[in-house]
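If you read the sequences in order, they're chains A and B. Using the numbering used here, the first residue of the first sequence is number 1, and each one after it goes up by one. Using the numbering used here, the first residue of the second sequence is number 357, and each one after it goes up by one.
These are computed hints drawn from the structure, not numbers from a lab. Any given hint might turn out to be false.
No more than 30 Å apart at the CA atoms, straight line, and that leaves these computed lysine-lysine pairs for DSSO-like [stated by the list, open to error]:
(1) A/Lys-350 / A/Lys-167
(2) A/Lys-272 / A/Lys-350
(3) A/Lys-128 / B/Lys-501
(4) A/Lys-102 / A/Lys-60
(5) A/Lys-167 / A/Lys-128
(6) A/Lys-102 / B/Lys-501
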Amino acid sequence: MESVEARFKLDWPGFALDFDLKLPGRGVTALFGHSGSGKTTLLRCIAGLERPAQGRFVFKGSIWQDGNTWLPTHQRPIGYVFQEASLFPHLSVLDNLRYGQKRSGGANRVSLDTAIELLGIGHLLERKPDSLSGGERQRVGIARALAVGPEILLMDEPLAALDLKRKQEILPYLERLHDELDIPVIYVSHSPDEVARLADHIVAMDGGRVVAHGPLGETLARLDLPIRLGEDAGVVLDATIGEIDAQWHLARVDFPGGSLWTRDHELPVGRKVRVRVLARDVSLTLDDPGRSSIQNVHPAVVEAVADDDHPANRLVRVTLGESRLLSRLTRRAVDQLGIVPGLPVRVQVKSVALME
Amino acid sequence: MLTETDLQAIWLTVRLAALTTFILFFIGTPIAWWLARTRSWWKGPCGAVVALPLVLPPSVLGFYLLLAMGPNGPVGQLTQSLGLGTLPFTFWGLVVASVFYSLPFMVQPLQNAFEAIGERPLEVAATLRASPFDTFFSVVLPLAKPGFFTAGILSFAHTVGEFGVVLMIGGNIPGVTRVASVQIYDHVEAMEYADAHRLSAVMLAFSFAVLLSMYLRRNQPRKEA
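The shape of chain B in the complex, shown without the other chains:
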């Protein structure tokens, strides 16, 4: 059925998406928490920056990241001085780019979940001797669990579907940066429609399954106290 290179591309894609989602939990949670709680003027501009990848053409995002991470860009100079070389056309370059690309898909569901919790449970926790830090782990995290679920799924799925950014940052190196969507593109370029079909069907089934799991969960009757 699927060729060796197809499987390699799928495995790479899964690794990339899983790692990106994992990193995003740590980066996205504080950003979402800050956005949900702050009354600062900066909330608007910061929210807009986080949401940018939603509307920006991936090639634009990829282009700027390529410049930043390239040998003459600020990120590139940093990584070079740390002896890590440059990130473009490496797996880690893809991870960094994916984190930016999928950031809104992590932050926005979390921000909504945090905002839905409201002020009251936090105040209650404070009157019950819980420090703000303690409150976050003992009250906010459990109450925002559905939000974390949604954010994780969306970030993972969105990273799987990445194409433009990958081409700009990673190129098309088998086993390193050739993810499933790029592989499909290659198949089509080479007129291998049957191969493209198979891989596309896998992607289609995956995307549908992901969304189905989310919608089934969302439709469960929710109880409130």
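So here's chain A without its partners, still in its complex pose:
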């Protein structure tokens, strides 16, 4: 009963959606794909903003759409964040927040106050939307969606309309949501970076169909991922801060099967973090590298080798205990070093992105 059953079939001129998947009933599920892959349309179908001729949607046992059953959008227990904040211009920030809250009845799982606190917008309540910055507006938009006390939060590329600086301003709030909300979140994005930071599960879409899905770590470590990530290919590891080296401003993050040194982000020892290791930052050596500027060196075993986007490159997956890393090598290097599955190697990790 905890799952979300979604099946939609849509046939528009020049676009078709054919989706049939059970989505996880908890955590952040990223709908990932290039523009035109159907992820936003899928989200709109879930919200009831589109009405596909054929569809079935069952949310934790309650039917929102099936055959002739159709729950209109305003009766679905959703929170929806649009790409542009789309605040009501005639209402103050507080009245925007209250608009949904007072229409959603009593049982609010996230109260108005919690939403205001989570998004850090307490100082904006009396302002009108047109006096807010883009980032502030989107934070209000997210808080407004949370204030209705939704049972599922649907987010349609909430950062896409913002510049890099605004994105960096909002991401920490989204990470807090990820940690503090106990409702499932469906997050549409075309940014591998956002997905790596926020998602627990990933549903990759292309041409209106699902091409891959599964837990984030597992899915990103796949060599046959049909979505081309290019420079963003890499893995995400769940890790803990194991040690701080105050003298050199470094922190050691431990993950099952190994550890990596990275820049200290002033996080306490024991804090759970997520680290992202891009394939382009991982190289392999057969011998001990000896004196090298790359100090993250670990023994590993080659698990699989596959073609990469460019014919000059290959992607190699190695295992360190339970964890896996991807490494992008040239085809020539793979050939000359004789890298085949089962070969013991050393991995050198040049850089690691740490995400709280």
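Fit chain B to the known structure of chain A by using the hints.
Only chain B this time, still in chain A's reference frame:
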């Protein structure tokens, strides 16, 4: 300055225009909303019918209304069977005719205002638990307020300026159907140019004031969120 009959005509005109505008808000809003939202094939034909009074000679409109509301017309038979008599040459006959005559001046600004709001605020409201009815009053009306202002002013002013339809439907009965524009016509017919001047000046000043208020409002910097 203005004679008793002039004042009577002005008062009648104001009453007629105010009542017509009031009624048009209720008739024009749903029509404009439907025209702004529908994807039906009927949108074109219905839009054209609503716009007809813009191009139709008022005497033509008045002629057909006279036939319809006359003792043998469908509207006339209805009003007679309800014991209301017939509408031509009454104040209410003028009101009905004015509603038709000024309909496009109510519908078109409202339709533009509704279309300018777009789909998104309605979708947002739906995701925030507002029913379509609720959305109309809590989102559409406030956002379309400038459109309502324009539509009201235009409908009022256009009804004030009515002449041909009034002559066809209402004739020229002092205190009942003799509105300001007809009064001016009477003055001219009677060679009372000074009287015609005074009343015309009042009408001119009124029309200018109305349009000025609208243009001043329109030129205010508009803020968008």
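A quick look at each hint next to the structure:
no., hint, in the structure
1, A/Lys-350 / A/Lys-167, "26 Å, holds"
2, A/Lys-272 / A/Lys-350, "22 Å, holds"
3, A/Lys-128 / B/Lys-501, "17 Å, holds"
4, A/Lys-102 / A/Lys-60, "25 Å, holds"
5, A/Lys-167 / A/Lys-128, "22 Å, holds"
6, A/Lys-102 / B/Lys-501, "24 Å, holds"
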